[in-house]
Structures are given as C-alpha cells and as structure tokens.
Amino acid sequence: MSMNIGNLKLNEQGTPVGRIVTLTVNAVIALRPVQSNHERAPAFDIMGLSGDRRTWVKIGAVWEYTANDTGESFWSGRFDDPSLARPMDVALFRQEDGSFNVSWRRPQRKRELPALGSDDALPPMPAADTGDTPGDTGTPATGDGLGESTAPAPKGRSGSKDKELAPA
Numbered sequence: 001m002s003m004n005i006g007n008l009k010l011n012e013q014g015t016p017v018g019r020i021v022t023l024t025v026n027a028v029i030a031l032r033p034v035q036s037n038h039e040r041a042p043a044f045d046i047m048g049l050s051g052d053r054r055t056w057v058k059i060g061a062v063w064e065y066t067a068n069d070t071g072e073s074f075w076s077g078r079f080d081d082p083s084l085a086r087p088m089d090v091a092l093f094r095q096e097d098g099s100f101n102v103s104w105r106r107p108q109r110k111r112e113l114p115a116l117g118s119d120d121a122l123p124p125m126p127a128a129d130t131g132d133t134p135g136d137t138g139t140p141a142t143g144d145g146l147g148e149s150t151a152p153a154p155k156g157r158s159g160s161k162d163k164e165l166a167p168a
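Quick note: the sequence shown, position 61, residue 61 per full-length UniProt numbering, numbers continuous.
Across the chosen pairs, the derived CB separations fall in these ranges: (1) Asp52 / Pro107: 24 to 34 Å; (2) Val34 / Pro152: 51 to 61 Å; (3) Met125 / Thr70: 39 to 49 Å; (4) Ala85 / Trp56: 17 to 27 Å; (5) Arg94 / Met125: 50 to 60 Å; (6) Asn26 / Pro152: 54 to 64 Å; (7) Asp89 / Ala153: 45 to 55 Å; (8) Glu72 / Lys9: 12 to 22 Å; (9) Asn4 / Trp63: 17 to 27 Å; (10) Glu72 / Gly51: 34 to 44 Å; (11) Val57 / Asn4: 19 to 29 Å.
These are computed hints drawn from the structure, not numbers from a lab. All values derive from a computational prediction rather than experimental measurement. Using N, Cα and C, we set each Cβ at its ideal position, and we do this for glycine too.
Given only the sequences and the hints, what does the whole structure look like? Please build it.
Right under this line is the structure:
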C-alpha cells in the first residue's frame with residue numbers, strides 16, 4: 001500500500017516545488033535536474049529548504065522509470081536527513097495538471113523462514129556432539145561452545161564467570 005505524502009507544482013521557472021508532510025516530516029522540497037551523461041545518474045536531485053529558509057540542501061535523488069504494465073513514466077528514489085530514523089523511499093507520479101504526487105511505500109520485509117512441514121522446510125539439525133567421533137574427549141558439549149579463554153582476567157576480577165555469579 002502506498003500513501004500520498006505530498007504534491008509538487010511547477011513554479012514560474014518550471015521547477016517542481018512543493019511540500020512533503022507526514023506525522024514527523026514537514027518539508028519544502030524542489031527537484032533540481034542533474035546534468036550528467038552517466039547512464040546511472042539520477043534524473044533529479046531532491047533539494048530541501050533549510051530550516052532558516054535561506055538555502056537549499058541536497059537531501060536525495062530520483063531516477064526515471066517506466067511502469068511495466070502501463071508504460072507510464074515516473075520517478076523513484078530516496079531522501080534522507082539526520083532527523084529521520086532511516087531514509088524515506090518515494091515515487092513521484094505526474095498528474096494531468098502537470099503537478100506531481102509524491103507517494104511513500106514502506107519497504108517490504110524480507111521473506112520469513114519457511115514453516116516446518118512445508119515443502120521449503122529447513123533440513124534437520126545434526127545431533128549434539130556426544131563424544132562418539134574419533135579424537136573427541138567423550139564429554140558432552142557445554143557452555144557457549146567457545147571453549148576456555150586464554151586471556152588474562154581483567155584487573156579486579158579473578159576466577160570464572162560461574163564463580164562471580166555463585167551466591168556468597
């Protein structure tokens with residue numbers, strides 16, 4: 001599901017300018033064309049108006065894409081700011097009046113592990129090491145599996161962790 005979080009309109013100079021508004025973001029933004037011959041260069045830099053409203057600051061970029069099913073052209077990219085917990089992915093869609101709707105969509109989570117018993121089930125875990133293999137001590141594995149430390153104990157501490165945790 002995507003949400004419309006803003007709208008950009010062309011100003012007198014033909015620059016798309018508008019506002020993005022969410023519960024935590026209220027920013028004036030503009031799109032500045034990127035002049036580059038590099039095939040992977042963005043179409044536009046996303047410029048944000050500084051808090052004092054005196055300067056524009058680059059906060060992101062958008063690239064031009066074409067929708068597979070409709071052939072419609074749109075811009076997709078991301079903007080970021082230290083005040084945000086993480087970058088915000090956006091897409092801009094041209095409207096009939098020449099303006100652009102700014103949409104936001106939460107990135108999809110990675111596919112979860114398959115449920116047991118499904119066709120994609122994980123293989124069974126190997127049995128715990130019980131000392132049946134040649135060269136083994138015959139002692140079942142205990143602890144965290146990292147073995148004993150050869151590092152000296154920190155000053156002010158002596159003995160193992162188990163001794164420190166034992167009741168006095």
